[in-house]
Amino acid sequence: QSGFEYLLRSKPFLHSLGQEQPVVTGRQRPKAGIEERSISYTPRVCSRISHKGAAMLVYKYMTLQGLDACLNNRTIRFTKPVNFNDPFDCAAAAADVAVEGLNILNIRTAGSTNADKLFSIRNGIGILSLTRNPLNPLMWAHYGENHRGGVIAIDTEEAGLECTETNIIPASAGNVIYTTVRPSVDGDHIPRHGEITAQHDRLMLERLFLYKSLHWSYEEEIRVARHVDPTRQVQYQELKIPSSAIKAVYL
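FYI, the numbering for the sequence shown is 112 to 362, going by my numbering.
You can trust all of the hints, since none of them are fake.
If you anchor each label on the Cβ, the simulated ranges turn out as follows:
1) L362 to G298: 47 to 55 Å
2) R303 to P248: 36 to 44 Å
3) S295 to V193: 15 to 23 Å
Keep in mind that the hints were calculated from the coordinates and are not lab data. All figures in this text were calculated on a predicted structure; none of them were measured in a lab. Glycine is no exception: its CB is placed at the ideal position from the N, C-alpha and C atoms.
Generate the whole structure from the sequences, applying the supplied hints.
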């Protein structure tokens, strides 16, 4: 009745996509490409081609309570960066950019500096944190309620996570960049949170939303970013997705 498949982690994971899929084991998974500035992962695992274009399966770890709410309501959650467990996440270093004609008197327009705009962005943009690996023991411990929760497999296209009209960063462009260097937007003219779109400079969007400390690289994270209610009391926003977008549940 649900349309998706329940899978036990003790079995090789196969994806219920209406066609036969190869078994993917840890030994077959592409290794991270280590560079001086970052670690990045290729998104070829668990990918398929649909009639609309490239789509892929991504995974969301949840507590048992969160899993129950997700399956009953068919919703996934976009969380504001100000509520992340890492205070340095989506917090690029920013120096003030002088406003022409005002810098001589040391006067600035309220909310005009990069630091002000970054604060607003962290309150007005929501992030959906996903991963490409549903069988990571550390992730099950940290985000799967000490191995008592679950993981859902989401088709990014069917869930609307590839649309550049509604998403600032779609899933296919949301590979997190793990680095030892904190990103900087010094000298950049950052747009206000309500003005940011998927058409903005790619490198700037990466510095704002996709850089993360190397210590978190085990997460193999993929992100989707979109506008949410900027009211400070609002911590997250739910997105309704079709039942067909949920392809499997891992318990």
